[in-house]
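Q: Sequence:
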Amino acid sequence: MVTVVFSYDTEEYQAPWADEATKVWTDLLTKYNLRGCFCIVGEKARVLRDRNRQDIIDALKEHEINYHSNLHSVHPTHAEYLNELSWDDGVRRCLMEETIGISDLWDIMERRPTAYCKPGNSWGPQVAYSMSILGLPVFTDAPIEFSPGHPMWFCNQLCLKYHLSFEESMNTNNRFEHMKNNFLNTYTSRTDGYLIMYSHPCCMMASAFGDVLNFKDGKNTPKAQWVPIPKRPKADVIAIREATDLFLEFVANEKIPIATYQEIHAKYIEKDIWISLETAMNILDKVSYELTYHYSGSIYLSPAEIFGVATFILDEYNHIKKLPLVIPVRRPIGPTEDAISEAPTQVSLATFLNCASQTNQTVSSYHRVPSIINLGSIQISPGDFLKTAAHLIRKLSQLPKPNPWVTIEQANNLPTLAEREDFKNMRIGGWLMTPDFHADNVVTMAKRQTWTAKPAVSIDQR
30 MVTVVFSYDT EEYQAPWADE ATKVWTDLLT KYNLRGCFCI VGEKARVLRD
80 RNRQDIIDAL KEHEINYHSN LHSVHPTHAE YLNELSWDDG VRRCLMEETI
130 GISDLWDIME RRPTAYCKPG NSWGPQVAYS MSILGLPVFT DAPIEFSPGH
180 PMWFCNQLCL KYHLSFEESM NTNNRFEHMK NNFLNTYTSR TDGYLIMYSH
230 PCCMMASAFG DVLNFKDGKN TPKAQWVPIP KRPKADVIAI REATDLFLEF
280 VANEKIPIAT YQEIHAKYIE KDIWISLETA MNILDKVSYE LTYHYSGSIY
330 LSPAEIFGVA TFILDEYNHI KKLPLVIPVR RPIGPTEDAI SEAPTQVSLA
380 TFLNCASQTN QTVSSYHRVP SIINLGSIQI SPGDFLKTAA HLIRKLSQLP
430 KPNPWVTIEQ ANNLPTLAER EDFKNMRIGG WLMTPDFHAD NVVTMAKRQT
480 WTAKPAVSID QR
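Quick note: the sequence shown uses the numbering used here, first residue 30, plus one each step.
Just to be clear, a hint being listed does not mean it is correct.
For lysine-lysine, the following PhoX-like pairs were computed, each having C-alpha atoms within a straight-line distance of at most 25 Å [to be verified]:
#: 1; residue 1: K248; residue 2: K263
#: 2; residue 1: K315; residue 2: K424
#: 3; residue 1: K315; residue 2: K453
#: 4; residue 1: K60; residue 2: K284
#: 5; residue 1: K315; residue 2: K209
#: 6; residue 1: K300; residue 2: K315
#: 7; residue 1: K284; residue 2: K296
#: 8; residue 1: K351; residue 2: K424
#: 9; residue 1: K60; residue 2: K90
#: 10; residue 1: K424; residue 2: K350
#: 11; residue 1: K209; residue 2: K60
#: 12; residue 1: K60; residue 2: K263
What follows is a set of in silico ranges between Cβ atoms, one per label pair, in the way DEER data are often shown [claimed, not checked]:
#: 13; residue 1: D301; residue 2: T445; range: 22 to 28 Å
#: 14; residue 1: W303; residue 2: D117; range: 28 to 34 Å
#: 15; residue 1: D489; residue 2: S393; range: 28 to 34 Å
#: 16; residue 1: P177; residue 2: D136; range: 35 to 41 Å
#: 17; residue 1: F279; residue 2: H104; range: 40 to 46 Å
#: 18; residue 1: Y395; residue 2: A253; range: 33 to 39 Å
#: 19; residue 1: K60; residue 2: P177; range: 29 to 35 Å
#: 20; residue 1: E307; residue 2: T445; range: 20 to 26 Å
#: 21; residue 1: G164; residue 2: N249; range: 27 to 33 Å
#: 22; residue 1: Q390; residue 2: R78; range: 26 to 32 Å
Everything labelled a hint here was simulated from the structure, so no lab data went into it. From a predicted model like this one, the values you see are computed outputs, not experimental measurements. Don't be surprised by glycine CBs; every beta carbon is placed ideally from N, CA and C.
Hey, can you work out the whole structure from these sequences and the hints?
A: Rendered as structure tokens:
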């Protein structure tokens with residue numbers, strides 16, 4: 030069964046008359062007892078308050094309130110400033126800037142947002158991680174998902190793409206039929222998962238985006254010089270509204286399942302778990318052959334989680350000379366800098382175990398997989414460490430007396446998922462940035478964070 034999400038990028042704050050479009054959408058959804066998910070820019074919420082549009086605020090409260098960045102297209106956008114910063118500085122900057130928008134949205138709407146929607150194609154993995162810290166566990170209009178309509182975990186956020194746009198039908202001759210057929214073509218082609226159908230409410234009344242007119246190509250047009258947003262002809266606005274009304278009536282009459290992001294998160298939420306040594310060793314055996322997410326039974330772990338499991342086991346062994354029977358699953362992020370791997374070598378068992386204990390402390394204290402692991406006089410990558418640790422744990426479970434030497438094994442530094450099409454050919458930017466903008470640093474960091482990626486498994490499948 031395919032479940033539909035109606036998602037709305039509520040971002041146009043330049044033209045007061047465009048506020049009415051949001052009210053049209055909320056009222057039509059409410060008319061058919063359908064809940065929409067309104068991803069609202071912080072500045073949009075503030076102007077609704079300052080324009081005394083309590084009627085729109087109250088109408089929005091009937092639906093799910095989510096977050097769409099603080100200022101959307103004002104430069105520098107996420108990708109622009111993140112491309113110049115380290116991981117930690119990027120997270121710090123994002124937390125500083127976006128806390129304001131989330132706080133204002135929460136205060137004005139009296140609702141805590143669940144999901145984050147990126148502004149345009151400007152994002153970075155630090156944003157996803159920051160939003161998880163700020164209590165927004167869902168990333169919608171994400172650049173990645175596990176497979177069409179199926180969520181994945183990335184940087185501790187549940188990620189889903191957008192799939193279908195209402196706007197594709199707004200400039201056609203037979204709007205309702207186009208909207209309906211466009212929807213059914215996608216809906217019937219799938220057997221399960223989610224179909225996220227989205228719109229920008231302003232597009233019902235505006236014939237162009239204010240962002241394109243005033244923030245394109247990296248420019249920040251002063252407010253006093255904003256180019257006015259052109260209106261659609263009144264007849265077109267009426268026709269679009271009527272077509273939308275008919276479409277939502279069709280969805281309601283067909284009893285097509287509708288969900289919100291909060292409901293999706295509740296279905297996939299991950300709680301703190303402990304796994305058995307047997308489960309851990311099954312997964313460690315697999316990761317020693319391929320650096321990617323792995324599963325045992327219904328338990329899926331990301332490479333970063335597997336890394337944390339390995340360091341916990343070896344830290345315990347280092348202290349009590351026994352393998353633990355149960356192991357907690359922590360959710361660290363991946364390496365934040367380039368990994369370094371020196372030539373293969375041997376180190377003493379004591380050296381490796383002491384290193385594992387120190388690394389385990391890093392995972393616990395800094396909530397991340399270290400980029401470089403110091404083994405006495407040499408440095409190895411986390412991939413090398415994990416492969417070596419996986420084989421060592423298996424040997425420790427089988428041999429009454431462990432070998433006093435450990436051979437460091439070489440492995441990939443990036444998980445297999447980094448070579449998947451959406452990561453391998455990832456592009457960040459577009460019309461909003463200057464033509465020569467390339468977010469190479471952001472893309473590199475996103476690939477590193479494939480250490481955190483894994484398919485999302487619903488509670489009823491565990």
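Q: Take the hints in turn and mark each one as holding or not.
A: Evaluated hints:
A threshold of 25 Å between alpha carbons decides the hint, and for K248 with K263 the separation of about 31 Å lies outside it, so the pair is violated. Restraint check for K315 and K424: satisfied, since their Cα atoms lie roughly 15 Å apart, inside the 25 Å limit. In summary, the hint linking K315 to K453 is supported, as the alpha carbons are separated by about 23 Å, within the 25 Å threshold. Taken as a hint, the K60 and K284 pair is honoured in the structure, with Cα atoms around 14 Å apart against an allowance of 25 Å.
Taking the CA atoms of K315 and K209, the gap is about 45 Å. The hint is violated against a cut of 25 Å. For the hint linking K300 to K315, the alpha-carbon distance of about 24 Å falls within 25 Å, and the restraint holds. Between K284 and K296 the CA atoms are separated by roughly 20 Å; this keeps the pair inside 25 Å, and the hint holds. Between K351 and K424, the direct Cα distance comes to roughly 12 Å. Compliance with the 25 Å bound is thereby established for this hinted pair.
Pair hint K60 plus K90 holds up; C-alpha atoms about 14 Å apart against a cutoff of 25 Å. At most 25 Å may separate the alpha-carbon atoms for a hinted pair to count; K424 and K350 meet this at roughly 13 Å. Distance hint between K209 and K60 is fulfilled; the C-alpha atoms sit about 18 Å from each other, no more than 25 Å. For the suggested pair K60 and K263, the alpha carbons sit about 22 Å apart, so the restraint of at most 25 Å is met.
Between D301 and T445 the beta carbons are some 27 Å apart, a value that agrees with the proposed interval 22 to 28 Å. Checked against the hint of 28 to 34 Å, the pair W303 and D117 passes, with Cβ atoms roughly 30 Å apart. For the pair D489 and S393, the supplied restraint of 28 to 34 Å holds, since their beta-carbon distance comes to about 31 Å. Checked against the hint of 35 to 41 Å, the pair P177 and D136 passes, with Cβ atoms roughly 37 Å apart.
One distance hint, 40 to 46 Å for the beta-carbon pair F279 and H104, holds here, with the actual separation near 41 Å. Taken as a hint, the range 33 to 39 Å is violated for the pair Y395 and A253, whose Cβ atoms sit roughly 46 Å apart. As the Cβ distance of K60 to P177 is approximately 30 Å, the hint placing it in 29 to 35 Å holds. Separation of E307 from T445 is about 25 Å and conforms to the stated range, judged on CB atoms against 20 to 26 Å.
Taken as a hint, the range 27 to 33 Å holds for the pair G164 and N249, whose Cβ atoms sit roughly 30 Å apart. Range check, Q390 to R78: about 46 Å between beta-carbon atoms, so the 26 to 32 Å window is missed.
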